[in-house]
Amino acid sequence: MDSVEALVAHVQALSGNPEEVSHLHSLLKQSEDSLRSQASRLFPFLEQLDPSKHSLGYLYLLEAYSSGPLLEEQASGYLLTVVEFIDSCSAEQIRLAPDKFTSVCKSFKDQVMQLEVAIRGVAPLRTAIRKLQTSSEHLTTLHPDFLLLCLLSKCYKAGLSILDDDIFEVDQPRDLFLYCYYGGMINIGLKRFHKALECLHNVVTAPMTSLNAIAVEAFKKYVLVSLIHNGQVPSFPKYTSGTAQRNLKNYTQPYTDLANCYATGKFSELETSIQTNIEKFQADNNLGLVRQVLSSLYKRNIQRLTQTYLTLSLQDIAGAAQLKTPREAEMHVLRMIQDGEIFATINQKDGMVSFHEDPEQYKTCEMIEHIDSSIQRLMALSKKLSSIDEHISCDPAYLTKIGRERQRFDFDDFDSVPHKFLQT
Amino acid sequence: MDGDEEGVAGPMGDEAMFLNGGDDGRQQWRRIKAAMGSEQIDVEAYASLYIGRTKVMRLLFMAERCGNEGMQLEALRLAYDEIKKGGDSHLYREVAGKIAGRLGPQYTLDQAWADAIDRRAEQRKDKLDNELNGYRTNLIKESIRMGYNDLGDFYYAHGQLGDAFKNYVRTRDYCTTSKHIIQMCLNVILVSLELGQFLHVSNYVGKAEQTPESLDSITAAKLRCAAGLAYLEAKKYKLAARKFLETGPELGNNYTEVIAPQDVATYGGLCALASFDRTELKNKVIDNINFRNFLELVPEVRELIHDFYASRYASCLEYLENLKPNLLLDIHLHDHVEALYTQIRHKAIIQYTHPFSSVDLHTMAGAFKTNVSGLEKELEALITDNQIQARIDSHNKILYARHADQRNATFQRVRQTGVEFERDVKALLLRANLIKHEYNQRAAPRKV
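Line order of the protein sequences matches chains A and B.
Per UniProt numbering, residue 1 is the first one in the first sequence, and the count goes up by one each step.
Per UniProt numbering, residue 1 is the first one in the second sequence, and the count goes up by one each step.
It is worth saying that the hints were derived from the structure and are not from the lab.
This one's a predicted model, so the numbers in the text were calculated from it and none came from an experiment.
Take the hints with a grain of salt, since some may be wrong.
Said to hold, decoys possible - With a cut-off of at most 20 Å between alpha-carbon atoms, the simulated SDA-like pairs for lysine to any residue come out as follows:
#, chain 1, residue 1, chain 2, residue 2
1, A, Lys401, B, Ala432
2, B, Lys98, B, Gly86
3, B, Lys426, A, His194
4, B, Lys282, B, His346
Unchecked claim - Reference listing, derived: stretches of chain A covered by chain B, where coverage requires no fewer than 3 residues with Cβ under 8 Å from a Cβ of chain B:
#, region
5, 17-25
6, 304-310
From the three backbone atoms N, C-alpha and C, an ideal C-beta is built for every residue, glycine too.
Extracted from the complex, chain A is given alone in its bound form:
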């Protein structure tokens, strides 16, 4: 009883400058257990603290409180408190105890999901991520949770602000798997298929020693999105882990069958293949994507015609793309022209379609700017790459490993490893 009050007093007194805060931090750590034991009665104390000034203390109390059982009537009050805290807390202070902060946010997320008001969690979690991460390249444990809430509340656009950052630093592989998987789904929802492919590709090719369910699900979606976007599924690149290469296909048989049927370009076969596995697709919640695969086959067939023909009657298009009527073919062509997928004009009088070449001449300022910006980006990326390469080749842990392996496999090459690095 006393200890809590004393602690609150400490918190109030010791939140001024960084040294005090670190002292406070050690005090808080010591009293962690006692806080936990009194979790249920901590709530009133929170009001005595100012979340923006006493962030660290507030965080400890809040974490202890949320680790205990929450009654239903308390829930909405709790949500409000957390939202307020996340909004106003000081980033420097909470970064002293990132795991506490993460755990608060997680329990907040669980609450939001339990109450089925995912949308209320989107904005706070985004703020939380921004406060927690040290740089925009850093993947926090909160990323997947945030994307999950975006998905559940269908706020795909909100997710983009986080997804558009490039991620290079990862704490937990599992976070990355989930982050990329959810990211892929958000991109699918927005029909940004090439981005979705990138995300799912990262999951499928990530180094893994044992197969995980996330990778399997991601591979299913990867197959479908590849078909929609490219019309074919690329084989595994050689850096894919052996586990994934060996096992993924076994777990996703209906999807591999689908891809094979797609490759034949025959509409009826694809349809039967879908029909035979429809329950599995449904169970995987991929039926919508499968339908999109089906309709993309029409597009693919029409697109192929543009390579071969200058003009073609709608009747012939319908025949070649296995559509039933010229009218349907016209609708497809029209839609594809609208989406910028083909360049063509329809002559309704004769029922003819004239296909044109891509009108892009690469002469406009926008195009030059676009290319210039790509070049800048790539140069920055190359620099980063070489700096990382340098960094790794000086990393003692790396060199000991490489040195040891060389010694074992190839005695002649051993001397080329600098000796000074080997002694660490």
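Given chain A, put chain B in place with the hints provided.
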């Protein structure tokens, strides 16, 4: 089209010599040919080109495939006569069964004859075995070789090809001169061809060609033919064509137990048409004096090659169509006729469209003896395969050549490469990070 034909005919002087044979004469000849083409092949004349086992096998193959009773019986009759000369009782029974009394009492199963053959064969086999055992105890290399060889010959004559093959191969260890090796190789090749084991054929052709002594020209020609057949069977038409084209005229009628010179012309000509480009066709086929001798034996093939080269596709395709039923009855070529014909046709279409910037599909369809929609389909397939750079104006039925814009294509590629590079590097950094993380994770407990 006419302009093109003149343009092509201009630079090649020796072609003119051939054309000088007179358009009249050629026309006349063509008329005769057209009348002949629909006729069935003359079985007796065909059979007289071959001797030995291949004659029988070819006849039987023809009887099975021709689907025409008169011809079938004719072929079976000739096969029956041929078998009676030899000693293969098994084949004899089979053929007699196939005839099933349709050729009168002369051609029924002569049980007594077959039994006598069997008995004699048994005795001879025992004798040969005994002799061989004798030689083997005496360890005289040459005799052992002869023994195995005789045994091989015996099995071959009696249709036990597997055993014949084994015995011929065994002689290999006892060959002392390169002449023996060549004989062994030729024997093995012969049996393997009959067995349809074309892998052995090319193996032993290689062995025979590696003997230190230079081969006499007949043997060389035989080996070329055998290699050609092996390549043909493996669907390597270009290599097959080369082998047949290299075959020397010395072959003559020396290898009729396998192949007739007419066949060399047909196989070589068709494979060359299907796989060679224009210059190669000119240098290696039309200007090839050796091969010209072969081509003279089969004027149709000669004509169709010249027609193809002179861009007279309609008449070339007509010749091909006329030849087709007979080629389908050929024991070696039948499987490949379709593939070769499609390739030749595609080549013709590609060559036809190549020099033009626009082609009227009606004219082209006329030149290829087909209708416009069929031609459109063929062109579509070739364009999709990127074999013709053109696009079809289906409305006006014109084919336009397509000139790729290098600049645009480069820009497109640059953008594409940029995007890919960016994506790959990012993914790579991410993976590197994961691996590093995993390594640190594993290393961490060890340090503690």
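Task: Hint numbers not upheld by this structure, sorted from lowest to highest - done: 5
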